[in-house]
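S.K.: Take a look at the letters that make up each chain.
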Amino acid sequence: MTDVAGTPILEAPLAEGAKDQHMVINMGPQHPATHGVLRLVLEIDGEIIVRIYPEIGYLHTGIEKTCEAKFYQQVVPLTDRVNYLDPLANNLCYCLAVEKLLALEIPGKAQWLRVLLAELSRLNSHLIWLGTHAMDIGALTVFLYTFREREDILRLFEAVAGQRMMTSYIRIGGLSMEPPLDFLDRVQAFIRIFPEKIDEYSNLLTGNPIFRNRLKGVGHLSADDAIALGVTGPPLRASGVDFDLRRDMPYSSYEKFQFHVPVSTGCDCWARYEVRLVEMRESVKIIQQALDGMPEGAVKADAPKIVLPDREKMKTQMEALIHHFKIVTEGFAVPAGEVYQGIECGHGQMGYYVVSDGTAKPYRMHMRYPSFPTLQALEVMCKGRLLADLVAVIGSIDIVLGEIDR
Amino acid sequence: MGDANTFIGKPAVLEGLPGHPAVKAILAWNPEALTDAKFDRNELTLTIAAEQIRAAAASVQAAGYNFFEDMTAVDWFPASPRFQLSYHILSHSFKERIRLRVLLEEASPAVESITPVWPAANFYEREVFDLFGVRFEEHPNLRRILMPDDWQGHPLRKDYPVEGYR
Numbered sequence: 001m002t003d004v005a006g007t008p009i010l011e012a013p014l015a016e017g018a019k020d021q022h023m024v025i026n027m028g029p030q031h032p033a034t035h036g037v038l039r040l041v042l043e044i045d046g047e048i049i050v051r052i053y054p055e056i057g058y059l060h061t062g063i064e065k066t067c068e069a070k071f072y073q074q075v076v077p078l079t080d081r082v083n084y085l086d087p088l089a090n091n092l093c094y095c096l097a098v099e100k101l102l103a104l105e106i107p108g109k110a111q112w113l114r115v116l117l118a119e120l121s122r123l124n125s126h127l128i129w130l131g132t133h134a135m136d137i138g139a140l141t142v143f144l145y146t147f148r149e150r151e152d153i154l155r156l157f158e159a160v161a162g163q164r165m166m167t168s169y170i171r172i173g174g175l176s177m178e179p180p181l182d183f184l185d186r187v188q189a190f191i192r193i194f195p196e197k198i199d200e201y202s203n204l205l206t207g208n209p210i211f212r213n214r215l216k217g218v219g220h221l222s223a224d225d226a227i228a229l230g231v232t233g234p235p236l237r238a239s240g241v242d243f244d245l246r247r248d249m250p251y252s253s254y255e256k257f258q259f260h261v262p263v264s265t266g267c268d269c270w271a272r273y274e275v276r277l278v279e280m281r282e283s284v285k286i287i288q289q290a291l292d293g294m295p296e297g298a299v300k301a302d303a304p305k306i307v308l309p310d311r312e313k314m315k316t317q318m319e320a321l322i323h324h325f326k327i328v329t330e331g332f333a334v335p336a337g338e339v340y341q342g343i344e345c346g347h348g349q350m351g352y353y354v355v356s357d358g359t360a361k362p363y364r365m366h367m368r369y370p371s372f373p374t375l376q377a378l379e380v381m382c383k384g385r386l387l388a389d390l391v392a393v394i395g396s397i398d399i400v401l402g403e404i405d406r
Numbered sequence: 001m002g003d004a005n006t007f008i009g010k011p012a013v014l015e016g017l018p019g020h021p022a023v024k025a026i027l028a029w030n031p032e033a034l035t036d037a038k039f040d041r042n043e044l045t046l047t048i049a050a051e052q053i054r055a056a057a058a059s060v061q062a063a064g065y066n067f068f069e070d071m072t073a074v075d076w077f078p079a080s081p082r083f084q085l086s087y088h089i090l091s092h093s094f095k096e097r098i099r100l101r102v103l104l105e106e107a108s109p110a111v112e113s114i115t116p117v118w119p120a121a122n123f124y125e126r127e128v129f130d131l132f133g134v135r136f137e138e139h140p141n142l143r144r145i146l147m148p149d150d151w152q153g154h155p156l157r158k159d160y161p162v163e164g165y166r
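Sequence lines, in order, name chains A and B.
Start counting the first sequence at 1; every next residue gets the next number (the numbering used here).
Start counting the second sequence at 1; every next residue gets the next number (the numbering used here).
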């Protein structure tokens, strides 16, 4: 069988089912513990996993192809939809990539607000991970606790962006608008209570013997395997590799913040749990520093041909109206070239590769999302272990199918 | 970023960045395989001869670029050579990223798989095969990954329509 371009379509590599005592079973795509529409074809020997074959693509929407047909500023709302649990990190990564192509200078206040929002977004992502991970293992209560705090974060997003999940608040050249006057006070009030809430989750789970036994020594991933398989973020650091893009290749003025990067050499699901819990506490510290040192000034770059003017100016000044009209109808040309911008999001290293041919639409856009390579490591983590541990391992690597399938 | 140096072309890069570990590693291994180079917006791009990519990947890996981060393709239709493969390799020790680039002709685009060097490239090469129709020789499992197995055509090619019935 060949396709249009004459490329042969190859056959599935899975062994024929009933060989020896192995059984091939299907998990997903409508399984509650697969965090979306992940389908795993499992070859099992009794209760022992022999091989895992992830079958992905159920959520494939061709978002990269869509981006190629849009103006640069029209791509921002599309990026929200890729990793819907960490929306501001998506916006940030895309905007940083385009700003690198444009060589655009971003005002200090916008950069600090971006850091603050990216960390809130990381908390949002980690809260969902903690709630669903614990729920997969049977601790149903934690889910209700984490979603209580997540609701507070979503309200903060709503206050700045008018949207709870698909924020599109970070735009090329800065932010879409000034945050509301009481926004920083509300963030302060939230992070004042939040460390106690982390203690609360920890009290529920860390000492819980069922939770400990389900995670300790399960899903072993060595540092060498993690690097070879492209694993990033908390799972990489839980395997003992001390690397965090925020600290090691800083962007958006992260170099001005002091924080500690948690690393564990446990290499198992428990280590990933501990690393993420410490990361939440560190995020709170970063947010506190951002609040304390928030610079004054504008939240948009001074680039009238790229950044949309304020609504009031657009209604009263002819120049601003012309710029607004030109940006909306024709977009803005971006100098030819190719850039790759990586950031550390809640799940790991995110990256946007943007190729420009000098027009107002991206010639090619590729999104590197951490869950995609991390899924390759699933087989290494589960091979030879019990089928029931698979659910714990999927929870511990924290995958989002929206970003795997794109 | 505006004041950063920019070097376009192999001689300019060799002159401007003589001590760069990736450039040194490639030159020590096989200077002929490096067909072009560019240092632009603080990103180093090394264009490698298509048949040498696996050996080039192994040599930068030995030089400390230990982490395979991303790989994708660009379709320059109707230009020739049509396809460009971009490999993004990160170094945990140098805290720096390089881009290896390979150019492929339109007629039966194929290149050696780098999965023996980095198993992480497995899904990425399948994705490029699926969406661009570039073949990777000696790939352990070169099947479509995002599109259905019986799909006709490669959606991210520029001659594939964005909307409408295919």
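Take these hints with a grain of salt, some might be off.
Listed next, with one range per pair, are the computed distances between beta-carbon atoms [what the hints assert, rightly or not]:
1. A:387 - B:110: 33 to 41 Å
2. B:95 - A:265: 17 to 25 Å
3. A:203 - B:153: 49 to 57 Å
4. B:164 - A:177: 51 to 59 Å
5. A:31 - B:141: 36 to 44 Å
6. B:95 - A:177: 47 to 55 Å
7. B:164 - A:74: 17 to 25 Å
Hints are computed from structural coordinates only; laboratory data are not their basis.
Every residue, glycine too, gets a C-beta built ideally from N, C-alpha and C.
S.K.: All the hints need checking, so say for each whether the structure fits it.
M.R.: Tested hints:
{"no.": "1", "hint": "A:387 - B:110: 33 to 41 Å", "result": "holds, 39 Å"}
{"no.": "2", "hint": "B:95 - A:265: 17 to 25 Å", "result": "holds, 21 Å"}
{"no.": "3", "hint": "A:203 - B:153: 49 to 57 Å", "result": "holds, 55 Å"}
{"no.": "4", "hint": "B:164 - A:177: 51 to 59 Å", "result": "violated, 37 Å"}
{"no.": "5", "hint": "A:31 - B:141: 36 to 44 Å", "result": "violated, 23 Å"}
{"no.": "6", "hint": "B:95 - A:177: 47 to 55 Å", "result": "violated, 35 Å"}
{"no.": "7", "hint": "B:164 - A:74: 17 to 25 Å", "result": "holds, 19 Å"}
The structure fails to meet hints 4, 5, 6 from the earlier list, while all remaining hints are met.
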